[in-house]
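Novice: Generate coordinates for the entire structure from the input sequences, incorporating the hints supplied.
If you read the sequences in order, they're chains A and B.
Quick note: the first sequence uses the working numbering, first residue 1, plus one each step.
Quick note: the second sequence uses the working numbering, first residue 772, plus one each step.
By construction, these hints were calculated from the structure, which means they are not laboratory data.
Treat the hints with care, as some may be off.
Distance condition first, Cα-Cα at most 20 Å in a straight line; then the derived EDC-like pairs of lysine to aspartate or glutamate [said to hold, decoys possible]:
hint	chain 1	residue 1	chain 2	residue 2
1	A	LYS151	A	ASP120
2	B	LYS1216	A	GLU449
3	B	LYS1114	B	ASP1095
4	B	LYS1216	A	ASP120
What follows is a list of derived Cβ distance ranges for each label pair [as the list claims (entries may be wrong)]:
hint	chain 1	residue 1	chain 2	residue 2	range
5	A	ALA489	B	ASN1269	47 to 55 Å
6	B	LYS1169	A	PHE201	51 to 59 Å
7	A	LYS468	B	LYS1169	19 to 27 Å
8	B	GLN1168	A	HIS527	55 to 63 Å
What the simulated footprint calls covered on chain B by chain A, stretch by stretch (three residues with Cβ under 8 Å from a Cβ of chain A suffice, anywhere in the stretch; the number is not a length) [as the list claims (entries may be wrong)]:
hint	region
9	775–784
10	1245–1252
All residues carry an ideal CB built from backbone N, CA and C; glycine is no exception.
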Amino acid sequence: MFTGGKSFVSSPPAFSNDAKRLLVCTGNTVSIFSTSTGLQTGELEGHGAKVTSVIVVPASTPASKVLCYCWTSSLDGNIKYWDFAAPELMKTIDIRFPIHSMVIPSLLSQTTESSGKIHDVFAYVSTEDVKLKADKTISVRGQIQKCNLTKSRLVGGLELAKIERPGSIIISPSGNQIGVYEKCKLLIWEIPAKDLDQHCFKKIRLHHTKSFTAMAFHPTERILAAGDVTGRILVWRGVGRKTFSNGKLINGGLNEDEDDSPGVRSGDDADSCTTWHWHSSQVNVLFFSSDGAYLYSGGREGVLVVWQLDTGKKKFLPRIGSPLLYYINSPDPTLSSISCTDNRIQLLRMPSMEIVRSISGIKLPSSRAEMYDAYGSGVVFNHTAGLIAVPTENYRVQFYSLFDDREVSEVQICERNHHPSDDITVKVNLVALSQDGSTMSTVETRLPEEGIGGLVSLKFWACDSQSKQFSLSTIIYEPHREAAISSIAFRPASHMVVSSSHGGDFKVWVRRQEIHPKDQNTGWTCHAVGSYKKKPLTAPITTLSFVGKSSYLVSASRGADPLLTMWSMSKLCTIWSYRLHAEAIASSMLNSTFAVLAPSKLLKSTGSTAGTSQGAEGAILLFNAENPVPFATWSVSKAQGGRLSFIQSSPFSDNDVADTTTAGELLAYVSGCHEYVVLSPHGDQDSKLSISRRRNSSSLDETERFGYASIYGELPEFTMEIDQTPFESMPQSEKTWKTIFSGPSHSLPPLPKLCSDFLESLLERRSTVVE
Amino acid sequence: MAESFPVKPKLKPTASKNTLTPESKYWKSFKVPKEIDALSKSSVIPITSLSFSPVAPHDLAATQSTNVFRFPGKTLIPKSKIASFPDTSASASFRCDGQLLAAGDLRGGVHVFEAKPTSLSKLKDLRRLKGHAAAARLVRYPRASDKFHLFSGGDDSVVKYWDIAEEKCLFSLFGHKDYVRCGDASPVSDEMFVSGSYDHKIKLWDVRVSSVGSVMELNHEKPVESVIYLPSGGLIATAGGNFVKIWDVIGGGRLLYSMESHNKTVTSLCMGKVVRGNGDDAEQNRILSVSLDGYMKVFDYSKFKITHSMKFPEPLMSVAFSPDCSTRVIGTAKGTMYIARRKSKVETEKNSLGDQFGFGAVVDEPQRKVLRPSHFRYFHRGQNQKPLEGDYLIKRQKKVKLAVYDKLLNKFRHKEALVAALNGKNPSNVVAVMEELVARKKLLKCVSNLDGVELGLLMGFLQKCSTMPRYAGLLTKLAKKVVEMRADDIRSSVEQRNHIRNLKRDVEEELRVQQSLLEVQGIISPMLRIAGKR
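Specialist: See below:
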C-alpha cells in the first residue's frame, strides 16, 4: 500500500543553500526535488500531520553552503530539525499546538559573530488554540507565540497577539521585522538583533478599508507592500520610523507634520502610502527582489507582474495558466519558483523570467466544478498502464502515473486561452480511455450565454505509439444535436465507442478503418443511432458494472433512495441489495470481486460500519459477488467525488517484489481532492509491505546542460597535454643569421627553430681544436 | 508559459480528394498562352476538325465554315487561310511529311493542297478528287510513309481509296449502310485503315485485299462519331453516343472496355500524352475525348480509368493534341478555339540539340570558383545549407499569428474585437469571435454597447449569414436577441429599418425553402420506407 498525489502547494517551498534542491511540503512529509531535473530525490518522513512550513538554515559563510539543515513545523504540534542531505532527523520539539506558520528571524540576521557566544534561536509560530476549538462561540483562535528552539520550549507568558484565524507570518528578508495580516489591518513587530526570552516588542498597526491577502517587507528600507482582495497593492514607505527608531527622530521637523504623509491613514506610523492597481482580483503573491528595486506580484489572473519600485513601471509574465500562490527566490540569483494552484511549481530563470522546468502533481479538482457536477466525470483510470487521466481546469487532460507518482504528459483538449479568473464556461466534461490506452475520447461543453451559442464537441484522440503523445483524430460538433452527452464508453478490445445523451438517443462510433480497411483516413464516424422509447438516458442508476468474468451485474443508484443491487444475469433476478449510497464501483477483471466506495454520512444510517475511525469520511467495501458480506473494508477520507479502480500490477512484474499469487490486480483509490492510495485488495500484511512505490531517486549529480552544451551537445574530451614532440632543429646550414631572415615572411622557419641558430650565430664559435 | 491560442473558426469537413493528382497537375499546366487572346473567337460557326502536322514544328490545321486555316506551330499566331472551298470544309489531314494537306467538303469533293502555300499558289488546290455523291466527311492520309494515296468516306456510305497523283479512285469500298463520318489510318501500316459510320458499325479495311470487303466489323451500338487507332496499332477507340469503347483488333475485335462518363454525345477523340520526369514510363498515352456536354476527359486505357476531366462552357466538337506534347486545342460548336500550351523545359530542348550534334557528353561543367573574403557572397556562404543526419537542430520558435481581433480579445476589449471581426471579410471568423465571446459571457454585453454604425454592421452581417446552415444555430438566436435588445435604436434609424426589412425578407425566403424541403421529404420518406421493407 502506498499513497501519492499530495498537494505540492499547501505551503511555500524552500530552496536549499546551493539552489540545487527544492524542499516542498507534501502532506505529512517534505519532498526534496532536484531543480535541475525536476525529479524527486528524497523525502523527510516523520511528521504526523500536514507540514506547514519548511525553513532552510541559511549559510552564513560560503564554506557552509554545503550544509543542509532545515526546520519544519507541522499541524501535529512538532517542530523538527533535519539534515536533509542524509536525510536524518536531528531534533524534535513538541509544543502541543497545531502550528500553521513558523518563522525564525535569527537565522536571517547575521548574528553569529565569531567572537560572540551563540545565542538561543527563537522561532515565532502561528498556532491554533485547540482547547478553544470545541467552543464555537469564541472566534479568536489563533495566537502568535514565541518558541525557544535551543531550549526546546515555548517562551511562557509571551503571546504577541491573538488573531481570529491562524494565518501565516511574514518575515522581512533582514530578519528584523515580522508581520501578520488580519482582515483590514497589518500587525508588525520589530525583532531585536539580540533576542532574549523576555523582550518587550514594539508593535505598529497599519489599516486599510479592504481585507489584506498578502504582504511583503523590503529587504533594506522601511518599505512595506500589502495586497488586498480587490487587487490593489499598497506600498508604505518609512513604516515605523517613529515607533522603531527609539524616539530619536532623524528628521523630526518633517515627520511631525501630520499632513505630510500622503495616503497614510491617521494613527498609522508611515511616511507615505501609494496604491497600485493592476490586478483585477485578489493579490496572492507579493515579493521584493533581493536588491529591493522590484516588487513581484501575482494573483488569480495567473500573471506575474514585476513592478519597478521607484517608477511603478510594469513587466509581465503572462499565461502561467492558473492562480499563483507563492513566489520564492533562491540563493542562486538566476533561479526562483512560483507555486500555482493547479499543484504545479514552476522554476523560473530569473532576469528573463522564463519557465525552465515545472514540478507538477495531480491537478486539483476545480473549486467551482460542483456547480456542473451533474454531467462531469472525475478521474479516469488506465487499467493496464497504471495511469490516471485527470481533466483540468485549463482544458487539458493530465496523465499521471500512479506507480511513479509523477506527471506523464498533458494533452490540450480545447485550444482556447485560459483565464483563471473567469467563471467556468468551457469545460472538459468526460474523458474515456480505451482499454489499451491507445485511444482517448473527450467531451467538452461550452455553456450557452442566455441560450445562445452552447456547443458540445466530441473528440477522438489517437496515441502515437512511439512518442506516447495524443494527437487529435476527429472532432464531432454537437454529436447529439443540442443535447449534452451523459456518458461515453469504449468497447473493450475494439475501436468502438458508445455515447449516450440527455436527448434520449445513443450513438455508436467506430473508426473508419474498421469498415473500410483500405481507407487511409483514420477518422471516426457514426455507425449507428439508437434510442430506447425516446427516453433520456439518465436513469437514477448511475453505475452499472459487470463483475469480472462472472455472470453478475452490479448497479448503484443515487438520489433519495440509494440502492446497491447485485443481479444475476443467468437468472435475471436480484441476488442481494443494500440501501447504500455508492460513490464509485470498480470490479476486478480477474475474479468475481468488486469494490464499492461509500461515503460515511450515508453509511451511518445503515449502521454497517461501526468501526470507521474518526475523521474518515467514507469506506471502501470489498465484496465477493455471491456473498453480501464484505470481506474487507478500508476507511478513507474525502470520499465525495472519489474514484476507484482495479489496476494491473504488471508494472511490478519486472521488479523482484512481484507477489506472484496476488499481484494480479491492485485497488487504486483517488479521493475527492486527488490524493490517491494503491492497495492490495487481497492483502495480508506481508504483501502490503511488498508493494512499494517505484522510487526514481535520481541522483542530484544529473546536472542540467546549459550554455554551449545545451545547444551543441558535449564537446569531445580535450586534453591539455602539450605536444611534447620536440621541434626538429634546423638542419645545420651554413647560412649566417643574416641570411636566415631574408626571404618572404611566410616561408620563414618558426621562431623556436630559429632561436638556437640565431643565438648560435651571435656567439663566437670557438674552434674545437685548442692548440 | 503556456502557448497562446488564436481564435479559430470551427473545422469544416474536408473533401477527401482535395489534392491534385500529378495527372491533373499536368493537365492543368496547359495554360492559354499570353500572346493569344483568351478566346480566339471569330464567328459562331463550328470548328469541324482540328489536325496537327506530324512533323515539327507541328502546324495546326482547322476547318471552319468553307475555309481551312493554318496556325504556325511555334506561336500559333497569326492564323492564315490556306484554302477556301465552295461548301463547308471538313476533316483536314496532313500527309505524313507535313507538306500536303487534304480536306473534304460537303458537296463531296476532296481537295489536296499545299500545307504552306506560297503567294503564287495561294488558295489553289493541287488536286481535286471527285467521286463522292454526298458530303465527304472523312479524308485521311495514311500515317506511316505512303505519300501517294489517301482514303475518304462520305455521306453516300462509300469509302474510296484514291491515287492522288492521278486524281483517280483506285477502288470504292462498300459495306456501310449509313453516313460514313469518321475513320483513321493505322499508325503502323500504310494499308490498313478503319472507318466508322452512323449504321453503328466500324469497319476495318485492308487495301491489299480490297475485293473481299472489310476485314473486320465491330458494332458500337450507337452512331459512330469518331474512331482512332491507338499508337500500337492493335487497339482502336471508338466514340459514339455517350460512350467511348476500346477494342482489341488483333485479338479478333474483342471489346475491352466501355467508358461511359460523358453525358452527351462524344464528338471527337484524339491521342494525348502525359510527360512526367525522365525514365522508362516518362511518356504515357491517354485518350482525350470531348463531348457536347462541354467536358474533356482524359482516359488512361492501360488502367481503364478517367484521370482528369475538364469543363468548358460550350459544346465541344473537335480536339487535337500536338505530337510534341506542348499544345492542346479544342474546337467548339460555337466557333471558339481553346488553345492551351504547356511550357516545355528549356533544358530538354538544349539536350536534344546537343544530342543532335553529338557532343552532348563533351560539354563539361564550369569549374566552381572558390569563394574568397573579397567577395560579398563569402560572408553569406552556407546559409542555405541543409542539415546533415546527425546535426543538432535548433528550431526557431513558431510565431503565433494573431489577427486584430485576437489582440483585442487578449486585451479584453471585447466590443472592439467584435467590430474588427465584422469589418473583416470572412464570416466564419466573425462567428468564431462570437463563440469566444459567448465563452466569456460577454456577447450580449457587446451587442448592447454597439453604436449606430457598428450596429448597422452587425445587422448587415446577420442578414447575410443567419440563414447559412453552418452558422444558423448561433446566428438566428442572436438575431432574435439583437432585435429584442436594440428595438428602440432600430426603430429610430432609417438604415436599421432597411436592414430589418432585408432580414425579414431573408427569413421569409428561408421559411419557404424549409417548407418546400419538408414537402420533398414527405414525398420521399414513404418511398424510402417501402424500399427499406424489400
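Novice: Hint numbers the structure violates, sorted upward?
Specialist: 4 and 8
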